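Q: Based on the hints, put chain B with the ligands in the right spot on chain A.
Going down the list, the sequences are from chains A and B.
Everything in the first sequence is counted per my numbering, starting at 1 for the first residue and increasing by one.
Everything in the second sequence is counted per my numbering, starting at 1 for the first residue and increasing by one.
Just so you know, these hints were derived from the structure itself, not from any lab.
All figures in this text were calculated on a predicted structure; none of them were measured in a lab.
Check the hints yourself; a few may be wrong.
Straight-line alpha carbon distances no greater than 30 Å define the calculated DSS-like cross-link-like pairs of lysine-lysine that follow [said to hold, decoys possible]:
id	chain 1	residue 1	chain 2	residue 2
1	B	K305	A	K242
2	A	K129	B	K142
3	B	K66	A	K129
4	B	K74	A	K223
5	B	K211	B	K39
6	A	K242	A	K129
7	B	K39	A	K129
8	B	K211	A	K223
9	B	K142	B	K211
10	B	K305	A	K223
11	A	K223	A	K242
12	A	K223	A	K129
13	B	K39	A	K242
14	B	K211	B	K74
15	A	K242	B	K139
16	B	K74	B	K39
Chain B residues, not near chain A, derived (Cβ > 12 Å throughout) [said to hold, decoys possible]:
id	residue
17	L61
18	K66
19	I100
20	D199
21	V202
22	Q208
For glycine and all other residues, C-beta sits at the position ideal for the given N, C-alpha and C.
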Amino acid sequence: MARFVFRRLLTLIPTLLVISIISFIVIQLPPGDWLSTYVMQLAQSGTLVDQAELLALERRYAMGQPMHIQYFRWISRVVRGDFGMSFEYGQPVRELIQERLLLTVFISFCSLIFSWVVAFPIGIYSAVKQHSMGDYAATFVGFLGLSTPNFMIALVLMYVAMQHFGLSVGGLFSPEYVRAPWSAARFFDMLKNLWLPVIIVGTSGTATLIRVLRNNLLDELQKQYVVTARAKGVHAVRLTLKYPVRMALIPFVSVAGWQLPELVSGEMITAVVLSLPTTGPLLLSALLAQDMYLAGGFILLLAVLMVIGTLLSDILLALVDPRIRYE
Amino acid sequence: MVTAKGLPWILRVNDLYVEFWTHDGVARPVNGLTLQVGKGQSVGVVGESGCGKSVTALSVLRILPKAARISGGKIELQLRDGSTRDLTQLSTNSNEMRRIRGGEIAMIFQEPMTAFSPVHTIGNQLCEAILLHTDCDEKEAKERSVESLRSVGIPEPHVRIDEYPFQFSGGMRQRAMIAMALVCNPRILIADEPTTALDVTVQAQVLQLIKQMQSQIGLALYLITHDLGVIAQMVDYVYVMYLGCIVEEGGVDDIFETPLHPYTRDLMRSIPTVSGERKPLSTIGGVVPNAYSIPSGCSFHTRCKDMQGEVCRSERPAPRRFGESHRVSCVLYEDAAR
Ligand SMILES: Nc1ncnc2c1ncn2[C@@H]1O[C@H](COP(=O)(O)OP(=O)(O)OP(=O)(O)O)[C@@H](O)[C@H]1O
Ligand SMILES: [Mg+2]
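Excised from the complex, chain A in its bound form (with noise of 0.2 Å):
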C-alpha cells in the first residue's frame, strides 16, 4: 500500500508541472503584459505612477526576460504563496482567495458526503428491491435531480425557504457575522446556512450516484461469488452488505473522483445564483475583467486541488479494492 501511494505521488509531478504551465500561459493570455495594463489603469484613474516603484516591479517580475525565466519567477514565487496582484481590487491575490477557495473546498466536500449519505442507501434500496415501487419512486427522483439544472433547484429551494419558512437565503453568513472574523459562532452561523448550497450542489451528484450504485449492485448480485456466500448460509442481509455492496462501492469510490470537477463547477453555479462568498463569483468576475493574475491563481488552485482529489479517490479505491494495490 505505501509503494502505491508513493508511486502514484510520483505521477503528481508532472501532472502538476502542465497544470502550473497551463495557468501561466492563461496570465501571458491577454495583449500587452499586465504590467502596462496596470500602469494604464492607474493613468486612466488619475494616479501618478511612480517610475521607481514601476522598475521594482519589472525587476520583480522578470518582465522583457525570456518566457521561461518569467515562468520560473512566478512560479517560484507560487511555491511560496505569492499569486501576484490583483489590478482589480489592487490587493494580493492570496488574500482574496484564501478564505474563498476554503469555503468553496468546504462546500463541496460537504455536498460530496451529502450525496454519499443519501444516494448509498437509496442505491442500495433499488437495487434490492428492484422494480418495487420504492426503486421507481427512486428512480424517478433521481432523473428528476439529474436533468434539473443546479441554478434552477437553487432558485426553486430560495423561493421555497423564503415564502414558505421564512429564512433568510443568500450568502453564507447572518447579516451580523458577514464582516466579523472567524469563531466558532460564526462557523455554526455559517453551518445554519450551508444546508441549502450543499443540497443544491450535491442534488445531481447524488442523483448520478444512486445510478451508478444501482446498476453495480444490480451487476454484482447476480454473480457467482454471491451464490457462494448464500451456499455458506450467510445471513442475506450481511451477505448483500459484505459481498455485492462492497463490490459495488469500486466503481462508486472511482466516480467520486470525477464527481470533484463537477462539484466545484457546480458549485460556482449555485454561489454566484446564492451570492456566497465562494470562489465562484470571483473567478467569474476576475475572467471577464481580464484580472489575469487573479484568475490564474484561480485555475491554478482549482486545479490541483483536483488532482489530490483525485489522488485521495486513488488511494481510496485501492483501500476497497486489493487488485489494484497488488499491481
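A: This is chain B with the ligands only, laid out in the frame that chain A set:
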C-alpha cells in the same frame, strides 16, 4: 426406506417442480424430478446443458434466484439427529435453512475464478463459514482454515490464507473451494461440474481430491456433470436427466453396459472413443427444446430415434424397474419390465 444399494438415504428429492417467472413467460427447468442420495454414497447426475441440473441443486439448498419458485414436490433431508426435514417447507433465509447450508449440505461450483469474492482474502471467506457453523472464535477459525487448506494440498497454507483469490491459480482456487465447502463437516457435498473449467491434468487432481476427501469423512457426493468419463470414474450410481426429469437411473455398470433409454444410448455414443476423438453432447440429433416449452408426453419424443408414435407424444412414461436398481422411463420397455 433404503437406496438402491442398500444404504439408508440422507437426501430424497420427490416429484420436484421448479418454475422461473420471467419476461418471456414461465420456464419449467425441473419437471417432476425424483432422486435419492444414500449416506456416504456417490451419485452422479448427467445430462445435456440446460436440462436443469444446476437448478435442481440450487433448489436443494434453497438458493434459487428470486425469479424462481418451487411449485411442487418435496426435498427431504435426514438430519444428524435422525429426524427428517422437508426443505421446501423452510423459508430460504430462516436460521434452520442457513444451518443446513454449509453445515449439512455444502456445494462447490463450476467457476473457481468467480466463485470467490475477489476483494476478500481466502482466509476471510473460509473463516466466515467456520464462524457461522461452529462456536469457534476467530483465532481457532483461522487455525482450522489453515488446516483445511493443508488437507486439500495447498502448499504453505499459513501464507496463502492471507492472499486474495486472484493470487491463486484455477486449480488452487478449486482446492480452496473444496476446503471451504468441507471445513464445517457437511454430510453431503454437491459438486456442480467442479472440473469443467479446469485443464485436463488439474481436472484429474481435483477429482482425485474430491474422492479422497469423500472416503476420509464419509461424505455423500452429489456430482453434476455432462462428462460421462467423470461419471464412470467418480460415482456408483447414475441419474440421467433430460429436461428436468430423470429418464433413467442405475448403477454405473448398468448404465454403461446396458443403457436402455434412447437418450442414454445417444449420450453413450458421444463418449470419447479410444482414438481420443470427442464429440460434444449436442451431436444428439435435433434441437434441445427450451424450458419455456417442454414437449408433452415423453419430453424426449421430439428427438427420439425410437419414437413409437402417438403414445410418446401424449403419455408421460412411468419408471419401470429392471433388475435390482436399474430403472427407465420409456414406453419401449413397457412390457419387458420385470
Ligand atoms: N436465472 C434464470 N432465469 C430464467 N431461467 C433460468 C435461470 N436459470 C436457469 N433457468 C432455466 O433453467 C434451465 C436449466 O438451467 P440449469 O442451469 O439448471 O442447466 P444445467 O443443466 O445446469 O446446464 P449446464 O450444464 O449448462 O450447467 C435453463 O435452460 C433456463 O431455461
Ligand atoms: Mg449448470
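Q: Hint by hint, note whether the structure agrees.
A: Hints and how they fare:
Proposed proximity of K305 (chain B) and K242 (chain A) is contradicted: the alpha carbons are some 52 Å apart, above 30 Å. Under the criterion of a C-alpha separation no larger than 30 Å, the hint pairing K129 (chain A) with K142 (chain B) is inconsistent with the structure, at around 35 Å. Restraint check for K66 (chain B) and K129 (chain A): satisfied, since their Cα atoms lie roughly 11 Å apart, inside the 30 Å limit. Our distance criterion of 30 Å between C-alpha atoms is met by K74 (chain B) and K223 (chain A), whose separation comes to about 28 Å.
Annotation: proposed proximity of K211 (chain B) to K39 (chain B) holds, straight-line Cα distance about 15 Å (limit 30 Å). With a C-alpha separation of about 17 Å, the suggested pairing of K242 (chain A) with K129 (chain A) holds against the 30 Å cut-off. Distance check on the hinted pair: K39 (chain B) and K129 (chain A) sit about 40 Å apart at the alpha-carbon level, beyond 30 Å; violated. For the hint pairing K211 (chain B) with K223 (chain A), the CA-to-CA distance comes to about 28 Å; that is within 30 Å, so the pair holds.
With a C-alpha separation of about 25 Å, the suggested pair K142 (chain B) and K211 (chain B) falls inside the 30 Å cut-off, and the hint holds. Distance hint between K305 (chain B) and K223 (chain A) is unfulfilled; the C-alpha atoms sit about 39 Å from each other, more than 30 Å. Proposed proximity of K223 (chain A) and K242 (chain A) is supported: the alpha carbons are some 14 Å apart, at most 30 Å. Of the supplied pair hints, the one linking K223 (chain A) and K129 (chain A) holds, its CA atoms being roughly 17 Å apart against a limit of 30 Å.
A C-alpha spacing of about 35 Å is found between K39 (chain B) and K242 (chain A), which places the hinted pair above 30 Å, so the restraint is violated. Under the criterion of a C-alpha separation no larger than 30 Å, the hint pairing K211 (chain B) with K74 (chain B) is consistent with the structure, at around 29 Å. Among the hinted pairs, K242 (chain A) with K139 (chain B) is consistent with the structure: their alpha-carbon atoms are about 20 Å apart, no more than 30 Å. For the hint linking K74 (chain B) to K39 (chain B), the alpha-carbon distance of about 19 Å falls within 30 Å, and the restraint holds.
Not every Cβ of chain A is farther than 12 Å from the Cβ of L61 (chain B); the closest lies at roughly 6 Å, contradicting the non-interface assignment. Not every beta carbon of chain A lies more than 12 Å from that of K66 (chain B), the smallest distance being close to 9 Å; the non-interface claim is violated. Not every beta carbon of chain A lies more than 12 Å from that of I100 (chain B), the smallest distance being close to 7 Å; the non-interface claim is violated. At the 12 Å boundary, the C-beta of D199 (chain B) stays outside the reach of chain A, the nearest C-beta of that chain being 19 Å off.
The Cβ of V202 (chain B) sits about 19 Å from the closest Cβ of chain A, beyond the 12 Å cut-off, so the non-interface label holds. Listed as outside the interface, Q208 (chain B) is consistent with that label: its C-beta sits roughly 23 Å from the nearest C-beta of chain A, beyond the 12 Å cut-off.
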